[in-house]
Structures are given as structure tokens and as C-alpha cells.
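J.: Take a look at the letters that make up each chain.
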Amino acid sequence: MITQNNFWQHNKAVFIFALVALTMPLWFPLMGGYSGLDTKIMIFCIFVVGFDILLGFTGYLSFGHAAFFGISAYVTGIMLKSFSDNIIPAIIVAVAAATLVALIIGLLTLKRTGIYFSILTLAFAEMFDSMAMSMLQRWTGGENGLTGMPTPMLFDLKMQGDTVFYFCAICAIILFYLAKRIERSPVGLMMKAIKCNQTRLEYTGINARKYKLLAFVLSAMYAAIAGALMVVYEPFVGHEFLGWHQSGEVVIMSVIGGVGTLVGPMLGAAFMLYFENVMSVDLGEQWLLVLGVIFMAVVIFMPGGFMEAIARLKKRFFTTIDGE
Amino acid sequence: MAILDIHQVSLSFGGLQALQNVHLKIEKGSTHALIGPNGAGKSTLLNVLTGMLKPDDGSVMFDGKPLLNVNSYDINQLGIAKVFQTPAIFPEMTVLQNVTIPVFAARDGSFNFNMFEGRAKQRPLIEFAEQQICELGLEDHMHDLAGSLSRGDKRRLEMAICLANKPRLLLLDEPTAGMARHETEKTIELLKSMDDGITKVIVEHDMNVVFSLAEKISVLSQGQIIAEGSPNEIKGHPKVIEAYLGEAQV
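Chains as they are written, first to last, in this note's numbering: chain A, 7 to 330; chain B, 962 to 1211.
List of simulated lysine-lysine pairs, BS3-like, C-alpha gap at most 27 Å: (1) K216/A to K1015/B; (2) K1026/B to K989/B; (3) K18/A to K321/A; (4) K1015/B to K117/A; (5) K986/B to K1153/B; (6) K186/A to K1082/B; (7) K986/B to K1127/B; (8) K1177/B to K1196/B; (9) K216/A to K1026/B; (10) K1082/B to K216/A; (11) K201/A to K1127/B; (12) K117/A to K201/A; (13) K201/A to K1082/B; (14) K1082/B to K18/A.
No lab work stands behind these hints: they were computed from the structure.
Please take these sequences and the hints and turn them into a complete structure.
T.: Here it is in C-alpha cells:
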């Protein structure tokens, strides 16, 4: 009995997320979300949960995670086009390629901390961006982007409409569950200790560099899965997938949602994509201005993001009850 | 038998000779104090022992194994723990999490790829961490954030972190610096009550602490060991008085 209760306790957030995600096609259109936007939200949930393993746990702010997202998207596109229209081998090869790149970039960039680390990751991502636009043009399609992919297949199943959504949602649920497992493991503890006091950690017998590299590669793998799913969702890869704008968007999603909470960044991703696509219909270009104001307000008044707001509301709600 | 053998260690920062041919043997199970005026090289010597600084010359052997060119975490895994001058803890974590880290470090070594193992399921390890916390009198703060503790409690927590992976040699860099009298007394009691199997090296300015704990004292001045002996021998040693007070006026 106790173990069952523990299982429920540990995975409450996963169950709630699964419930919200799987019922999304039912209620999302009522809020004005167009079909397909829900899929994009699921994909970015994967991206930001992975990003939180790096930023939220170890405190290392990468400005170059679009590189892994983009590399994986290009490789998936090329695989679908020239190897097989089955998405499974395409995703596996794409994630493997991005992981390898992440391992190399991680080894080089994690020698530095703070702003230097951020700048180095940004530089690497920009390097891949310009490579996609120049020497790799033959494969990436350069300015025009990579197009002409066949309809992706999951073995005999055509990946279209709701099938894509459910495939992405299930991936997001599994990957969120795994991230939660990592958080509860000794590895998660060591990663969070890096953020607190790296010197003490090293003097406590822990090789912090290996844990940082693991966090970096894991988060890159999440980004790569998101990138691959992006191609399954929409058969197009543009160089903006690799750009700093994409990296920055993930940072903003994480910060407004609540860094280090895993759930928060997903709320941030959903919020950003929903408002970007639904509100911008009314606001047009002004949307970015509104986003800027929201971002500043969160950073100044609510550094813990949406999750802090929720915690405060909970506290207020429960204290009033106690008071009565 | 010497657990730590420092042999002819020299280190200079630019033109400053921080350590000069330092010879030091620390007996197993003893409490050895390093004293000396400011800038004598005491902290530098500790930093050499923990792998933070690489000496220009000389060798350091710990229990028969060389310590030079070994990473800090590997040195800790060999059994050397350091208590910092300002308590080094994990402030944003709970007291229990703070002590759980060295417990897992003792079990898993410097790195382990066990990403999906539940920490809470390792009951014996968590219980051991709890026991360490109780032994240092922090049981009331088990689930408090470490950063919210008082300075004395932070120091105790740091000791708990250091002791949780069962070190054989404990290096203490001014463990009572900035403490009130009664906190200092408590720290002395704590160090005295510690397991005799643990060798302790204490760098300290407070002579009360030094003389109530140390079995042997080495005096450093300008990067050199100028005297060594029992507390009584050191008290009246002319070279020591000279180093601390300047040359005697006749």
C-alpha cells in the first residue's frame, strides 16, 4: 500500500500532465487554439523540460540549444527524404547525431562558467547556423530551407492530424516522467548541488564536470527529440531552427514558467505559443512588445515565474481558510 | 606511522615564495595544529593537500599514495576532507540533502550513471545521513534550508558533510574563525569527541583552541617550518616568539 501511495505521490505531476495533454484536442479548440498548435506545444514542452535539466538543475544557461534542435531537425528531414519515410530510424539517427555534437560542444564549453559558458554555446550555435547557410547548403537547402519530405510514416501509420498530436503527447509524457525520475535520483541531487556550491561538491568527492556534461547532453537529447518531432509535425526545416532567436525563446519560456521546476517551463512554453499564435491575431506585431513587458514583469516581481505565482496563490488561499 | 608525508614542498606565486622546502609528517590518529603569523603559508599548504594548488617542487604522500596532480574529488575519495574557513555548504538545499550528497559519494565514487534510481528507496543510506545530522545536534533542522541556519549550525552541517563519507584525514581551516566564545567551546568539544581514527590537521589563530586540541604543533613562518613539537615545547620556543612578536629588543 505504502509503495502505491508513494508512486502516486511521486508521479502526481506526471498524471496531471498526461490528463491535460491527452484531452487537449477536446478543449484546446474552444480556447481558440488552431489544430496543430497543440502539437507544437507538446513538442516545445519536450524542449523546455530538457532545457530545465541543464538550466534548472545545474544553473548553466545555454544560449545555443537551438543547435541541437536544428541539427536534429535537418537530419530527420534528410533521413525522411533520402532513406525511408519511417520516422523511427529518422528520429534515432537524428538524436544520435545531435547527441554526438552535444558531447563535443559540452566538453569544450563546460570548461567555462557563467556568462562565458553562455557566450560559447551561442557562438557554436551561430556557427552551425552559418554552416547550414553556406557549406552545407546542398543538404540543408540554405535560404529556402529543407522541403520535399514525403508524408512521414510510423511503420504503416500515416503521421497526419491527430496521430501526430498523440504521438508527440505520448513522447512528452514519457520524457517528462523520465526527467522527474532523474530529479529524484542521486544524479539529480548532484546536478542541483552544482548550482548551489560547486567547490563544496568537488571537495565532497564528486566529479562535477562529468555531471555537468551529463546534464548538458541529456538536455541536448531532449532538444533533439523536439527538433525531430518538429519535422514530423511540419515537413519543413529552415535555418531559423538553428538561430539564436530559437535559443532565446526557450530561455524566455523557462524563465516566465519557473526555472528548475520542470512543470513551470512547460507552462511557459504553452503560454508563449498560445499567445504568440492566438493573441497575435489581434495584436499583430505589437505582440512582441507585450511579451517583452510580461517578461520584464516576471523577472522583476516574480523571479520564480508562474510556479512562484501558483505557490503564492496556494499559500494565500490556505492561510485564509486557516484564518477563518 | 605517518598518514601524511609532506616532503620538500616548495611553491611560489610570482616572486613570492609561499612555501619553502616544507617537511611535515602527520601521525595517524593525531591532532596536528599548524600555526604561524598571517601570510606564513598555512592555507597555501592546505590548498596543496586538497589539490587546489600544484607545488613547484616536492612530494606529498597520503597513506602511501601520491597526492600531487590528483583532482580535488579524487583526493576526497581517498579519504581527505576539508572544513573551510567560511562554512561551505549547499545553501539552497535542505540539511538532509546536504548530508545525502557525501553519503552517495561514498557509495558511488566520483561519478555514477544511476539516473533512474530513486534516492528515497535507499533507506539505509538516508538513515545514515540522518544519524550523522543527529550526531552533530542538527536533528531539529533536518528539513530546513541549509542557508537559513545560524553560523554555528552551518559549521556543524559542514562537519556533518565532511564526516559523512568517513574521511581518514580531516583538514580544518580556522574552524572557529568569527565564532562567539560559547560556539568555539562547542566546536572544541565536537572535535575532541570525534572518532580517534580520524587524523586532524588544524590551521588556527586562536591559541586557546590550538592548546586544548593539538597533540603536536608545527609553526610556519614565511613559508618555512621554524619549529615543531608538543604544545609545551612550542609555548616557550624563542623562534616562535620572534616570529609572532618580532625580534626581541635587548
